[in-house]
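Please take these sequences and the hints and turn them into a complete structure.
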Amino acid sequence: MRINDSNRNLNFGQLITTVPAEKLLKRADKAVKASAAVYLDVNIPEGHRLPLWSVLSKLVTERQAANKNHIVIDVADNIKNNLRIKTYDSKGFVHKEWQVNPYPVVGSIQEVIGNSGIIVGSSKGNTVYGKSRFFDAIDSAEFDADTLNSIDAANTTKAKVSLKLLPKDEEKRKLRVLKRMESLCKRIVPHVQRPFINLRKILARNADTVNVAAKSGRSEKLPRKLKKAAKKSGNSNNI
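Okay, so the sequence shown: first residue is 4 according to our numbering, each after it adds one.
Treat the hints with care, as some may be off.
Derived SDA-like pairs (lysine to any residue); straight-line CA-CA distance at most 20 angstroms [what the hints assert, rightly or not]:
#, residue 1, residue 2
1, LYS89, ILE19
2, LYS94, PRO48
3, LYS71, THR150
4, LYS26, LYS94
5, LYS89, TRP101
6, LYS29, ASN46
7, LYS26, LYS71
8, LYS71, LEU43
9, LYS175, ALA157
10, LYS99, THR150
11, LYS26, GLN102
12, LYS26, ARG136
13, LYS94, VAL35
14, LYS71, ASP149
15, LYS33, GLY110
16, LYS71, SER143
17, LYS26, LYS61
18, LYS29, ASN85
19, LYS71, SER60
20, LYS83, GLU100
21, LYS26, SER38
22, LYS71, GLN17
23, LYS26, ALA140
24, LYS71, ASN46
25, LYS94, ILE154
26, LYS61, VAL35
27, LYS33, SER60
28, LYS83, VAL22
29, LYS26, ASN104
30, LYS36, SER111
31, LYS99, ILE154
32, LYS89, GLU65
33, LYS33, LEU43
34, LYS89, SER60
35, LYS61, ASN81
36, LYS29, ALA79
37, LYS33, PRO48
38, LYS71, ASN152
39, LYS83, TYR106
To be clear, the hints were calculated from the coordinates, so they are not data collected in a lab.
Predicted, not measured: the structure shown is a model, and the values here were computed from it.
Okay, structure coming up:
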């Protein structure tokens, strides 16, 4: 499956979110800010106490800037208010997929962690706890993208540059090839210029024909009276 979605915001680096997904994430951030829950997320950005996507997205973008693989976040088709997170490899094919609600889970510590979780210490009875499963899914997607990037780097082989000198036979062969190319160029140039040479001859021939035709239009014979006068003057000189 290729990435083919015109409704995308490409302001992120290798992290791509669609416009509907951004709207849903903004509403989830507002819900997080409005609640007074104590969040138990271990992947909350340092210096913050709330799992806000507006903060985490900047950090994910910086970490994935040099990654050729993509993390795409879009709204799910089958469940309302759910997001679909996909990782694409560098060739554009889907690698893994997660569906999760961006709104945090709030309640008692047992409701947030679940029966399988390990509770250390005692919790206050009136304290409301919260946890963002969306942040866990983003963490998994980022780990998958990093793994794909490591595989790509391992499979990429660098081109080796040889510093060995060419053997004498190879040098002679290259000289022969160069000489052959030079002789070929010398033969090609007259061949290319031959039509122009022929055209020049045709134009010169046409000019001679025009001059002959112009000369043939004029009579080069002397008038009859002048001929008689020339004969008389010639006879008188002889006497």
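task = Provide an ascending list of the numbers of those earlier hints which the structure does not satisfy.
result = Hint check: 2, 4, 7, 8, 9, 13, 24 and 35 fail, others pass.
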